[in-house]
Amino acid sequence: EIVLTQSPVTLSLSPGQRATLSCRASQSIRSYLAWYQQRPGQAPRLLIYDASYRGTGIPDRFRGSGSGTDFTLTISSLEPEDFAVYFCQHRSDWPPAITFGQGTRLEIK
Amino acid sequence: QLVESGGGLVQPGGSLRLSCVASGIDFSSYEMYWVRQAPGRGLEWVSYISTSGATTDYADSVKGRFTASRDNTKNSMYLQLNSPRVEDTGVYYCARRFSSGLDYWGQGTPVTVSS
Chain Z
1 EIVLTQSPVT LSLSPGQRAT LSCRASQSIR SYLAWYQQRP GQAPRLLIYD
51 ASYRGTGIPD RFRGSGSGTD FTLTISSLEP EDFAVYFCQH RSDWPPAITF
101 GQGTRLEIK
Chain H
1 QLVESGGGLV QPGGSLRLSC VASGIDFSSY EMYWVRQAPG RGLEWVSYIS
51 TSGATTDYAD SVKGRFTASR DNTKNSMYLQ LNSPRVEDTG VYYCARRFSS
101 GLDYWGQGTP VTVSS
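From first to last, the protein sequence lines stand for chains Z and H. Letter by letter, the first sequence follows residues 1 to 109 in our numbering. Letter by letter, the second sequence follows residues 1 to 115 in our numbering.
Be careful, since some hints might not be right.
To give an idea of the chain Z side of the interface with chain H (calculated C-beta under 10 angstroms), a few residues [unchecked claim]:
#, residue
1, V3
2, Q38
3, R39
4, D50
5, A51
6, L78
7, P80
8, A84
9, V85
10, G101
In case anyone wonders, no lab produced these hints; they're calculated from the structure. Predicted model only: the values in this text are computed from it and were never measured. All C-beta atoms in this analysis are idealised placements derived from N, C-alpha and C, irrespective of residue type, glycine included.
Bound conformation, chain Z alone:
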């Protein structure tokens, strides 16, 4: 079973700053990683799939990178609406189970 570990647990930054979120897999998952943003009271929103491809309508300030076991979500210049919880996720080929990281809370400093 693949385990995804996100760091940091909480990240305190100011609008305009750059955010770097990490997700580490317990074994190689190639590029099969997605990132989501979840605001309070809302469903998760797909930001990045296949490690580096932005979802539909996602601003280009969101960038995903990495492969194998180490992945990064970078938000180049934080907007007020970016302060939320971020999850990484992996889907295995078979069985088609989905694994989520525990989340990183991005809060306003």
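Since chain Z is already given, all that's left is putting chain H on it; use the hints.
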């Protein structure tokens, strides 16, 4: 969009059926998932169903108790919760698989298991 319904209060050992209806998006060509979130917690995968509905898979925590199904003629998916436990409490989301991710999510339907 995806819209879930059917959540509510259920007693431990009871049963509940959740529904997910798709509109305005391709449903029948995509694999679908149920994902849940306990209050104040992270996301947990619950179940998978193939495009035809012939193949399903479940998290160990719900295997043997929950059953996923779909009706492509109705653009709908279902999750039957049998013998729910207190720890099954949470918001249940349906989501559509797109490559390595889930691109469309419903707004969620809350389930509370309590006596």
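Query - Structure versus earlier hints, numbers of those that do not hold, lowest first - result: Hints 1, 3, 6, 7 and 8 not satisfied by this model.
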